[in-house]
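Here is how the chains run, residue by residue.
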Amino acid sequence: MADAVDIQSCLWPLDRRDELAARVAGAAGLGALGPAERFEWSYADVAPSLGARARASAPAVVRVGAGAGALVGVVGYADDGVRLVARDGGAVVCDAAMLAVHVRAPVEAEARPGIEETVARAGVDAVRAAAVAEALLRASLGAERVAEGERLHRARPSMWAALKAVGIQRRIATAVVGYVAQLALVAGVWAAVGARAVATDASGGQRGSFGAVALIIAALVGVRLASSWIAGRLAIDAGQALRDRLLHGLLALDTESTRAQGIGQLLGRVVETEALESLALGGGLMAASGAFELVTAAVILWLGVAAAWQLPLLGVWCAGAALLAAMVQRALARWSAERVAMTHDLVERMVGQRTLVAQQSAPQRHLEEEAALARYARTGRRLDGAVALLATAVPRGWLLAAVAVLAPWLAAAGSRPGAFAISLGGTLLAYGALRKLAQAFPALGAAAIAWRQVADMFAGADQAATVPPASAAGGPAAAPEAALISARDLGFRYPGREQPVLKDCALDIRRGERVLLEGPSGGGKSTLGALLVGLRVPDAGRLTMAGVDQRDLGLARWRGRVGAAPQFHENHVFSQSFLFNLLLGRAWPPRREDVVEAEAILRELDLGPLLARMPSGLEQLVGDSGWQLSHGERSRLFIARSLLQPLDVRVLDESFAALDPETLEKALACVLKRAETLVVIAHP
Amino acid sequence: MTVRTHGAEPALAREHQDRLGEWVRAARAALNAALAAETVQAVVGFGLGAWLLVGYFGRAGTHDAGTGLLAVYWALSLPMLGYELALHVQQVPAQRSLTLRVVEPLGAPEEHEDGDGGVVAVGQVGDAVSIEMQDVRVVAAGHEILEVGALSIHPGEHVAIVGPSGAGKSSLVGLLLGWHRPASGSVTIDGRPLGLAELEALRRRTVWVDPTVYLWNRSLAANLGFGLPEAPPDLAAAMTDADLDEVLRRLPQGAETSLGEAGGLLSGGEGQRVRFGRGVLRPDPGLVILDEPFRGLAREQRAALLARARRRWSDATLVCVTHDIGETERFARVLVVAEGKIVEDGAPAKLRAQPDSRYASLLKAEERLRASAWSAAAWRRVRLENGRIKEDGPSG
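Heads up: the protein sequence lines correspond to chains W and Y, in order.
Residues 50 to 733 in the numbering used here are what the first sequence lists, from first letter to last.
Residues 52 to 447 in the numbering used here are what the second sequence lists, from first letter to last.
Derived from the structure by calculation, the hints contain no laboratory data.
Just so you know, these numbers come straight off a predicted model, no measurement behind them.
Think of the CB as a built atom: it goes at the ideal place given N, C-alpha and C, for glycine as much as any other residue.
Hints may contain errors.
Simulated coverage check for chain Y against chain W, where a stretch passes if three residues somewhere in it have a Cβ under 8 Å from a Cβ of chain W [what the hints assert, rightly or not]:
#, segment
1, 200-210
2, 358-372
3, 379-385
4, 417-427
Rough simulated footprint, nothing fancy, chain Y against chain W, three-plus residues with beta-carbon under 8 Å [as the list claims (entries may be wrong)]:
#, segment
5, 100-112
6, 370-384
7, 446-453
8, 545-553
9, 556-567
10, 639-650
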């Protein structure tokens with residue numbers, strides 16, 4: 050059992066955070082680190098000992114103690130002990146209860162004497178006094194924050210690493226082996242049957258040879274089924290990895306590209322990934338097997354009777370097929386472009402359907418659509434023609450040509466039946482191979498086009514995986530007078546615009562200040578808000594929080610302390626429950642105290658009547674396909690969402706614009722009561 | 052963007068993981084079912100083939116080598132063909148569900164189902180409309196959201212609508228735009244009940260300015276001229292009327308600049324001016340519906356643009372939903388909507404004089420806000436103009 054002294058030897062100074070994180074990662078076997086997940090411990094989590102919720106956040110770097118505090122590197126938990134990283138770099142095991150006491154101490158120090166005095170005055174007997182004091186402490190301090198930290202996660206692996214983890218290499222190898230086995234078995238069947246058929250002796254080992262053939266066929270069936278199963282599982286697992294990355298890639302997309310593209314194009318690209326999956330896998334396997342068969346056929350033809358003629362013919366035919374495939378690819382690209390453009394248009398019309406109906410007359414609506422459809426039909430016809438040529442002319446033409454070339458040897462067939470049969474077999478095999486390849490290439494081409502649409506989303510996921518290292522402390526507790534956020538010489542220009550929207554802006558925001566940001570429309574208020582919150586990065590100038598530059602702190606940590614409620618048309622109500630929409634920035638799944646605070650804020654914002662009206666209350670599904678909220682109700686939902694997020698500074702961008710004066714008064718009072726440091730962009 | 056600013060990535064990722072897990076489970080079950088079917092098919096196919104061959108070769112007599120080979124070839128090929136056929140059949144459920152999903156919108160109820168189909172001339176172009184509502188109830192998702200006992204708006208009347216958030220103001224004008232059909236009662240326009248054909252004709256004569264009006268991912272000029280049969284003759288005058296000149300100066304390609312999806316490349320106030328400009332370009336409207344038309348603009352600009360709008364459309368029937376209660380005092384008539392009912396209806400001066408009216412309390416709340424809440428010493432006022440910050444210092 051280690052004692053309290055060990056805890057002291059495990060405390061690290063704030064400026065050596067990265068070193069500590071690296072050691073924790075090493076001790077926990079995490080390898081490269083990805084983005085960390087912030088968490089907080091409240092008094093209830095560490096009293097009487099480290100609770101389940103506290104134990105769940107490991108491995109982690111936790112800031113404990115009064116004032117600026119010190120860092121503790123938690124590697125993991127085991128029974129009553131907790132593994133920490135000592136200052137000398139090694140890992141030691143401490144008593145979990147001791148750690149809990151240390152974490153609680155600063156918060157308790159103030160309250161304990163008063164409570165113990167109360168207990169003593171109440172005349173509780175000494176045996177129970179300690180327990181009663183503990184219970185009272187927990188009741189009064191339960192929700193106080195005692196520590197905050199970051200849970201360390203392994204870096205998100207790159208796309209190929211993710212697929213490898215899924216076992217894609219192993220499965221592809223097995224699929225290939227299975228396929229080769231199938232071919233060998235088929236060859237075996239033919240060999241056995243062929244020998245049997247040309248033999249003139251129709252007696253004796255007949256049963257035996259048929260038994261062998263039956264056995265081979267049974268094996269063939271088995272191998273085929275196994276291959277199908279492996280291919281199917283491969284498709285599912287690869288699809289899962291793909292979809293998982295897609296979400297993270299979407300979350301990492303940079304703001305500018307989403308702004309320019311919006312929902313129509315993004316939705317279209319998500320749909321592309323479905324196509325990508327089936328086409329790439331199906332096309333890939335077929336192309337691989339087709340190529341393999343083609344090579345085998347060439348070898349067999351070489352062994353045959355007309356090799357000097359048939360092999361060059363095969364070469365010429367393959368060249369022709371390649372040319373046709375290139376034509377098909379070009380036509381496919383043109384047709385896909387039309388199709389994607391039509392999808393974007395369609396989605397845009399769906400989202401703006403009311404405007405379409407209210408402001409455009411019925412005959413006008415179809416003019417543009419008809420032009421697009423005509424182009425689509427034209428390119429589609431060309432594509433169909435090219436594909437038809439590739440799929441029929443190439444294989445069947447080959448069959449005709451090859452057999453025609455073989456004709457002169459027909460007369461001599463009787464003398465060398467074996468060699469002739471081999472040539473014939475090779476021709477048929479090549480025919481099958483060309484058929485497969487003709488089918489596979491358009492599929493692969495379509496997959497390549499789909500990949501081009503979604504590639505940057507997957508690249509985004511890779512980028513998010515590598516977090517820039519922070520060289521300074523992460524959890525600053527600034528002195529009250531010093532500036533919490535300081536901006537100097539800020540400049541920002543939107544790409545494509547000549548004039549910068551912000552020039553040499555300087556602003557200091559101190560803790561507890563309420564800033565009202567006004568100015569003419571289009572003047573850059575929302576842009577300044579976005580810069581303060583870390584959603585955009587300034588082109589010029591410097592942003593610091595408690596003296597730490599934003600570039601050193603890292604955007605992820607910056608955004609953990611400063612948040613915004615974006616403007617009405619940029620904010621979004623998710624198609625989930627009302628409660629999810631409230632707590633999504635705080636904790637999900639929610640704890641009891643989160644729900645209680647959410648309800649309290651809703652009542653202060655005068656949303657009580659709304660809750661009463663919705664049949665499922667907080668669980669009511671809202672969003673595009675759920676309960677429709679009015680503009681004022683939605684604005685207050687966005688305000689509540691921001692208030693519920695644990696932040697140091699909040700930026701409310703025109704959050705009160707859709708409220709009538711009476712509701713505005715109540716909402717303003719609620720916001721001023723609950724937000725310590727505030728920037729409000731408004732036109733009062 | 053919403054997700055990132057609220058740090059909601061973990062929450063979303065968790066939800067996504069759950070769905071993904073379900074997808075994987077379902078896909079695996081489908082794969083197993085497909086394989087079971089394939090096994091049965093293979094066994095049956097090859098079994099039959101083997102039986103045929105044994106029968107063929109088992110018969111006494113010599114067998115021609117060629118025929119024998121052919122028999123074996125087909126005995127092996129037919130099951131393979133059957134296998135390919137089965138593969139395609141397996142695709143049918145997936146294709147069917149995809150087709151049903153895609154075709155689903157075609158089954159939505161059409162707006163032009165009943166009615167003569169021809170254009171119904173509801174008054175002359177340019178005439179202001181008259182609106183009558185009698186015993187109207189609007190129901191949405193099983194709840195009554197609006198009830199209008201009797202409402203009568205005369206042609207050319209300018210009416211302001213105010214009230215607390217969520218009261219039903221937008222639902223009231225939604226009746227005129229066709230978003231809601233009354234569950235009971237009648238809405239009469241120019242003496243005719245508002246059926247589908249009349250609604251279509253009314254929309255052609257209506258100007259609608261609202262933050263939910265959609266801006267398309269096209270040029271500024273195309274957005275301004277949206278819905279007009281030909282290119283608008285005087286774009287420049289309309290832009291000046293809508294205070295868009297300074298916006299035009301800032302855009303890199305002028306009026307041909309694309310506004311981004313849903314007008315995302317413009318700020319809120321700029322977007323509202325574009326929506327207003329679109330309304331300005333419509334010729335001779337009979338009905339003008341303004342629903343929070345100048346949100347995102349400074350108070351003085353809101354007042355100026357509203358005055359400009361009322362001057363321009365002085366002959367038309369104008370309905371304005373707004374939270375600038377002070378501005379409504381210039382209207383001749385004000386409706387106060389609260390809890391789904393019209394609770395007050397009359398001249399603003401008279402309503403203001405009644406001490407316990409909702410209108411008076413709304414006015415008082417607005418004055419309180421302007422006088423104290425926003426001017427309180429607690430606020431530090433910062434002004435951002437032309438990209439530079441000017442501090443006004445704490446006001447008092």
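We went through each hint and held it up to the structure:
no. : hint    : in the structure
1   : 200-210 : violated (count 0)
2   : 358-372 : violated (count 0)
3   : 379-385 : violated (count 0)
4   : 417-427 : holds (count 6)
5   : 100-112 : violated (count 0)
6   : 370-384 : violated (count 0)
7   : 446-453 : violated (count 0)
8   : 545-553 : holds (count 9)
9   : 556-567 : holds (count 7)
10  : 639-650 : violated (count 0)
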